[in-house]
Amino acid sequence: MAIDLLVMLDDDGPAPGALRGSSTPGPEFTPRPFLDFCRGVGETLPYERLVFVGDGEPLERYGFSAVEAAHEAGFRNIRLHTRPWRLTDPRQAYAVVNTGVSEICVGLHSTDPELHDRLCDRPEDFRAAQRCLRNIAKLEAEASVHVVMTRANLDQLADIARLAIESEAQRVEFWAHAPLDPEPELRELLAPLDELVPRLLEAVDVCEAGRVQTAIHHVPVCLLGRAGALVDNHEPHDFLPRADSRARPRFNCLHEAQCDTSEICLGLSHAHVSRFGWELERLRPAPRTRPWRARDRSVVRIGEHGSAPHGHAQWLALLGPHAEGVEGIVLTRDEARYPMQMPDGTRFDLLVTARDETSRTFEQSRSFNLSYTDVEGSAGERAIATFLEPIFRTITANDDGTLSLDARV
Amino acid sequence: MSSAGAEARPRSPLVPSTGQDRFFDYCLQPYPPRCDPAGKLRGESLLWNSLQVAGLSEAEYAAFDAIREAAGRDMTVFGVKWFDGRLSWEMYFYDPQRDDEQITAAALRQALKGVLDLRPYVPDSTRYFMYSFDLDAASVRAASVPEINVYLQFHEGQGGHSYALREDSCELRNTYRFHEPKREIDAILHQVRRSMWVDFSTVRLADIVLPELYECMKICVAKKRYADAIYYSGISIDQLRWFLHRFEYPDAVRSFVDEHHADFAHLLFDVGIDYRSGPDGRLEYPKTGYYSTL
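Just so you know, the protein sequences line up as chains W and S, in that order. Residue 1 is where the first sequence starts when you use this note's numbering, and the numbers rise one by one after that. Residue 410 is where the second sequence starts when you use this note's numbering, and the numbers rise one by one after that.
In short, the hints are calculated from the structure, not lab data. Since no wrong hints were added, every one of them can be taken at face value.
Heads up, incomplete: computed chain W residues facing chain S, CB under 8 angstroms, no partners named:
#1 Asn252
#2 His270
#3 Val273
#4 Gly277
#5 Ala294
#6 Gly311
#7 Ala313
#8 Gln314
#9 Gly328
#10 Val330
#11 Leu331
#12 Arg333
#13 Asp334
#14 Ala407
One-sided and incomplete, this derived list gives chain S residues near chain W with beta-carbon spacing under 8 angstroms:
#15 Asp430
#16 Phe432
#17 Pro441
#18 Gly481
#19 Lys591
#20 Pro620
DEER-style ranges, computed between Cβ atoms:
#21 S:Ala471 / W:Thr289: 56 to 66 angstroms
#22 W:Gln213 / S:Pro505: 53 to 63 angstroms
#23 W:Arg295 / S:Pro505: 23 to 33 angstroms
#24 W:Arg360 / S:Pro505: 20 to 30 angstroms
All C-beta atoms in this analysis are idealised placements derived from N, C-alpha and C, irrespective of residue type, glycine included.
Let the sequences and hints guide you as you build the complete structure.
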């Protein structure tokens, strides 16, 4: 389960780990679906934390009502990612926290105001960040700072950590810069790993000494030593999934299947690989101690978990209500296979092939031979036959002759 | 029949999915769709778009219609190739177990007679597991295919050799092998790095094993006569969009896929990239292609 649900109110606020707002517009936030979501969550909250991101007019219009709804739904861990100028007025900061925001996160990317403002592409952002952090420090909310590590600010990482601690931030997050594809100016800011890692480790030491929580994002775990335990690469679920998955940075490592940390380590951003290569000589995979499994690549959307197999609608309909018990369909040139599991754990494939009077089969419907194959488990023939009997009966009743395995029909 | 003077409605490249669609990669291996296909498009829409972009008239689609009729819906893999600034196509036919006697090369040759003349004859006794042939605007207009590619499988592992068969000649064209990208990365890198065409003192691995395509189902590394090639199978529509932009496909192909990308979200696609070191030492990509089923 994802820990965070990311609610992008608008694209003006920099998303976690980004220096600036998104240049590609995402789906428009409208309050109704979110309010419906909050009303429907029930007692068991589906996410540990809600993360609101915004800095534009939608944040102004819907921010308070959305946070109120989330709070009423029972969410107590509610983070706001915004630009600091929004919270330089103490009354505004108070109002935000009073509505239910428990954590406010702003970017702090340099100790040099000019460099920070340039990285954010926003004049006066540095001074606003300091005022904002001072305001939050007086309130019942956690102040978090996110630092995007670039070639331009590597030398300052430890000093940025010190500044964050002085500003009473309770949490500092270090993000490897991971720009999206078509932004050459931001690509120039990518930092080589051999320069980034030692400076990051220094900054982590500063945070540890200052007793602030620290998290590292998007840096290979294998390069961090004991600081590898601070790596947090949980991907949030998007409340409004972007139509284009390229709107978020992507990561890979060629050692993934061989490395014991691949479940928590994403590897390198594609932008980094394009600039510096796969870093095969630098990365040091820890030998795996357990089997590796590939990630699920289906398109996941809110509320779709545990839904029936996708596609093959007419072939699923053949099974009537029993379709809910199959784990998918493998439809080839000459057969349809439905992987199934019996209550005792025995697994097999229900096999549907073209009706053929000459071949040995278990049962026949109007168009098909019905049988099973590839049994794994303890159930005997009689138990399987009993399990399948109502399924075969349904198929026979539903098979009106219109469905065919012959692709030329 | 349309009456004289009536305007025929242009054929739309947008072909809606149906509840009977089967989902195959470019090796005709089935895969589960990534999300509900209802209301979305069939992969063949990419083929019709490419024919339009290449300037073929609808009358010239007849060869493709005939191929689908002969092989069956979803049973032909098509590749759209981008080479020397021109689009062309390759049609692939798989039946390694010879389950369907109507889809042998000899049977298809017979079935397409009058629409497309497959000149070379491949006897059923040849133990190929697949075959293919290229089409371009000229060969479609001439209704003639001078060359058939015949594929012979390795004993172990997924891969094989391909031969180009003409009426009067036969030559080895290609040796290739498939791998799981993550589990078998060492084998992939081994094959990529052993090359007669690429100088790895000046070429970066990341320009061949492309991060944007690495998240895929299979990677195939091929050794060809005049280049090496890498194929990524089982990529998403967003990865296909990246590929079409990266390799500078015609605007009308890119914009079609961009516009309809949500309608292809349920599908997986496959792409291939020929590469070699150019005269200046930099990697060049003389030919690329993308695949789906008809």
